[in-house]
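The whole structure should be built from the sequences, with the hints applied where relevant.
First to last, the sequence lines map onto chains A and B. Take 16 as the starting number for the first sequence in our numbering and just add one per residue. Take 12 as the starting number for the second sequence in our numbering and just add one per residue.
Read the hints as simulated data drawn from the structure, not as lab findings. These numbers come from a predicted model, not from an experiment. Check the hints yourself; a few may be wrong.
What the hints assert, rightly or not - So the derived label-pair ranges between C-beta atoms look like this: (1) A:F67 x B:R88: 16 to 24 Å; (2) B:Q170 x A:F124: 19 to 27 Å; (3) A:F124 x B:D175: 53 to 61 Å; (4) A:V82 x B:W166: 39 to 47 Å; (5) A:Y32 x B:R323: 35 to 43 Å; (6) B:G314 x A:V240: 41 to 49 Å; (7) A:I95 x B:G132: 28 to 36 Å; (8) A:I188 x B:L61: 35 to 43 Å; (9) B:I174 x A:T148: 49 to 57 Å; (10) A:L102 x B:L61: 23 to 31 Å.
As the list claims (entries may be wrong) - Incomplete in silico selection of chain B near chain A, CB under 7 Å: (11) F44; (12) A136; (13) V140; (14) A143; (15) I144; (16) Y177; (17) L205; (18) G295.
Glycine included, each C-beta is placed from N, C-alpha and C at the ideal position.
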Amino acid sequence: MLSSWRLQLLMTRIALYIASTLIVVWSVAPFLWQLSTSFQEDRLLSSPTPNFLPWPGTLDHFRNIFVEKQFHLYIINSAIVAGLTTLFCLAIGGAAAFALARLRVYYHFGILGLILSVSMFPQIAIVAPLYLTASALGLMNTYTILVIIYLSLGLPLVIWVLFGYFQTIPREIDEAAIIDGAGPLRLMISVILPMSLPGFVTTGLLAFIMAWNEFMFALAFTSGVERQTIPVGIANFTNLYYVPWGDLAAASVVVTLPLVMLVLAFQRWIIQGLTQGAVKE
Amino acid sequence: MTTLPSAGLAAGSRRSTRLGRRSRAERWAPLLFLLPAVFTLATVSVYPVLDGMRLSLRNTMLSTQEDEFVGLSNYIRLTGDPQFWSAWQHTMLFTAASTLLETALGLAMALVLYETFKGRGWVRAAMLVPWAIPTVVTSKMFGWLFDGQHGVINWLLLQSGLIDNYINWYGDSRTALLTIIIADVWKTTPFMALLLLAGLQTVPHSLVEASRIDGAGPWQSFWSIRLPLLFTPLLIAGMFRALDAFRIFDLVYVLTGGGPADSTEVLSTLSYKVLFSGLDFGYGSALSAAMFITEALIALCFGLFIVRRMRRDNG
Numbered sequence: 016m017l018s019s020w021r022l023q024l025l026m027t028r029i030a031l032y033i034a035s036t037l038i039v040v041w042s043v044a045p046f047l048w049q050l051s052t053s054f055q056e057d058r059l060l061s062s063p064t065p066n067f068l069p070w071p072g073t074l075d076h077f078r079n080i081f082v083e084k085q086f087h088l089y090i091i092n093s094a095i096v097a098g099l100t101t102l103f104c105l106a107i108g109g110a111a112a113f114a115l116a117r118l119r120v121y122y123h124f125g126i127l128g129l130i131l132s133v134s135m136f137p138q139i140a141i142v143a144p145l146y147l148t149a150s151a152l153g154l155m156n157t158y159t160i161l162v163i164i165y166l167s168l169g170l171p172l173v174i175w176v177l178f179g180y181f182q183t184i185p186r187e188i189d190e191a192a193i194i195d196g197a198g199p200l201r202l203m204i205s206v207i208l209p210m211s212l213p214g215f216v217t218t219g220l221l222a223f224i225m226a227w228n229e230f231m232f233a234l235a236f237t238s239g240v241e242r243q244t245i246p247v248g249i250a251n252f253t254n255l256y257y258v259p260w261g262d263l264a265a266a267s268v269v270v271t272l273p274l275v276m277l278v279l280a281f282q283r284w285i286i287q288g289l290t291q292g293a294v295k296e
Numbered sequence: 012m013t014t015l016p017s018a019g020l021a022a023g024s025r026r027s028t029r030l031g032r033r034s035r036a037e038r039w040a041p042l043l044f045l046l047p048a049v050f051t052l053a054t055v056s057v058y059p060v061l062d063g064m065r066l067s068l069r070n071t072m073l074s075t076q077e078d079e080f081v082g083l084s085n086y087i088r089l090t091g092d093p094q095f096w097s098a099w100q101h102t103m104l105f106t107a108a109s110t111l112l113e114t115a116l117g118l119a120m121a122l123v124l125y126e127t128f129k130g131r132g133w134v135r136a137a138m139l140v141p142w143a144i145p146t147v148v149t150s151k152m153f154g155w156l157f158d159g160q161h162g163v164i165n166w167l168l169l170q171s172g173l174i175d176n177y178i179n180w181y182g183d184s185r186t187a188l189l190t191i192i193i194a195d196v197w198k199t200t201p202f203m204a205l206l207l208l209a210g211l212q213t214v215p216h217s218l219v220e221a222s223r224i225d226g227a228g229p230w231q232s233f234w235s236i237r238l239p240l241l242f243t244p245l246l247i248a249g250m251f252r253a254l255d256a257f258r259i260f261d262l263v264y265v266l267t268g269g270g271p272a273d274s275t276e277v278l279s280t281l282s283y284k285v286l287f288s289g290l291d292f293g294y295g296s297a298l299s300a301a302m303f304i305t306e307a308l309i310a311l312c313f314g315l316f317i318v319r320r321m322r323r324d325n326g
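Set out below in structure tokens:
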């Protein structure tokens, strides 16, 4: 009896390890293949049998993307747009989430629901009207228009996640601060903000990733390497006669590696922040 | 905003004025804090949707400068447009297939991660990788993996004897949409799993334990205890996934551009082409309005189902 029970336990363990290995392979293998591809010569990439390890390695693809395709310009554009978006998202979204979570607002769950439903709009539905408005205002092909659009795309998520964070801070702290004479702004900046710094870091990261990865609006509203962001640059990476898979892999690695590092470093906070809303349901 | 700091900075000696000011600040502060966000969303998201509805009733052409009110004629043209209906079908098929696959696979992954074992943190961290990768990069990555000539997937399938000849995955109209579904499932499933895991962790452990003591196997306890309790979170996660899948753009636009032979054309890519290649802003707006309506209907169906389910759970 006992031994069969033990056997079953052992089998369960083994099944668990196999399943989790599969999950890891599923999640990471395509990216690792891209990493390996980025260091392989074109000759190896077009051989009938794939080479899994980049040996002999080459840095040609990295040289190609930076020297011939001016990839650093796309990176600078993306960094500016995503950085500004993150700052504005945190300032504006933080204030809104603070009001909804800590101040007396009527129908605050209704307002939250409305804000969330805005994020469910099909984005293609706002491209045409925004395009006409941006042309009329002379905002085409500027950082400004991208930041404004990304701000509105990012705000619902930022408000939602920060709202969850603020709710976890005990209310007694507010009362103490108000008795000490702090107004709402003071309460937000010197009491709530320092206490929810992890929340701001996570939310900022989410907003940054959203802006860094966005493609459709960047495609429609910018033209030319002076303002185009990375996704547009990568999408346009084609050669007249063949697809430069090696260069594409190198570009993918360059734009993804920092993101992957950031995400791995903050994974605990990200998972916590993103799943808070789901748990509350 | 300028009046707010004074409420907090007022000196203690002017007690009466400070109280007066604070109550005024208290009344206006929430509005002032909300205003920038509400203003941004109203002008950049809500107003353009309404403006798009207006455009859909006009024949705005950027190439010929036409711009007149034409009533419902764009919508009438839409109902008879085979391109629209085929894109509508592809979009619905993609939405249904990817949502179902991602929810089922995500649930399976979440159940694995629910158990405690060494290295679980690493597995969870690895699962964030597909989510963090830009979708455009995912498209190119799958373009390389599923390449018809040198793709490693073809090679692996041939070596393991599952196929006899290389398949031209996204270059063949029979398999192109499938390739896009696979790429989307790869990218989104791990994230779905993390959401569902959070839902699973709210199921009281004592319930599972109790069923185990009563002699229920792991399979039985899953079907009779965890799944019923998880049903509402599953529906909610499924709804968000379906609404998001319905607006798919990046993957299709970059991987196939809607081809071959329009076999992967979805509503977002079709609208984009009508808008920016055809420069037909009137008709393009009618297309996106039709999308908006379909999306609202999907949300409504899920919403009704969820509300009914919640009522039953609580009553």
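These are the hints, each one checked on the structure:
Hint check: F67 of chain A to R88 of chain B, Cβ distance near 53 Å, so the stated range 16 to 24 Å is violated. The supplied range of 19 to 27 Å is broken by Q170 of chain B and F124 of chain A, whose beta-carbon atoms lie about 55 Å from each other. A hinted range of 53 to 61 Å for the beta carbons of F124 of chain A and D175 of chain B is consistent with their spacing of about 58 Å. Judged by the Cβ atoms, the range 39 to 47 Å given for V82 of chain A and W166 of chain B is violated: they are separated by roughly 32 Å.
Separated by about 39 Å at the C-beta atoms, Y32 of chain A and R323 of chain B satisfy the suggested range of 35 to 43 Å. Between G314 of chain B and V240 of chain A, the C-beta spacing of about 44 Å keeps the proposed range 41 to 49 Å intact. Hint check: I95 of chain A to G132 of chain B, Cβ distance near 34 Å, so the stated range 28 to 36 Å holds. Look at I188 of chain A against L61 of chain B: about 41 Å separates their beta carbons, and that is inside 35 to 43 Å.
The beta-carbon spacing between I174 of chain B and T148 of chain A, approximately 51 Å, falls within the hinted interval of 49 to 57 Å. Roughly 29 Å separates the CB atoms of L102 of chain A and L61 of chain B, a value that falls within the hinted 23 to 31 Å. With a least beta-carbon distance of about 4 Å to chain A, the hint placing F44 of chain B at the interface is held under the 7 Å criterion. The beta carbon of A136 of chain B is positioned within 7 Å of a beta carbon in chain A (closest approach about 5 Å), and the interface hint is therefore held.
Hint status for V140 of chain B: holds, given a least beta-carbon distance of 5 Å to chain A, under 7 Å. A least Cβ separation of about 4 Å between A143 of chain B and chain A falls short of the 7 Å threshold, and the interface hint therefore holds. Evaluation of the I144 of chain B hint against chain A yields a held restraint, the C-beta minimum of about 5 Å falling below 7 Å. This hint is violated: Y177 of chain B has a C-beta 10 Å from the nearest C-beta of chain A, more than the 7 Å allowed.
Given the 7 Å rule on beta carbons, the hint for L205 of chain B holds: about 6 Å separates it from the nearest Cβ of chain A. The beta carbon of G295 of chain B comes within 6 Å of a beta carbon in chain A, closer than 7 Å, and the hint placing it at the interface holds.
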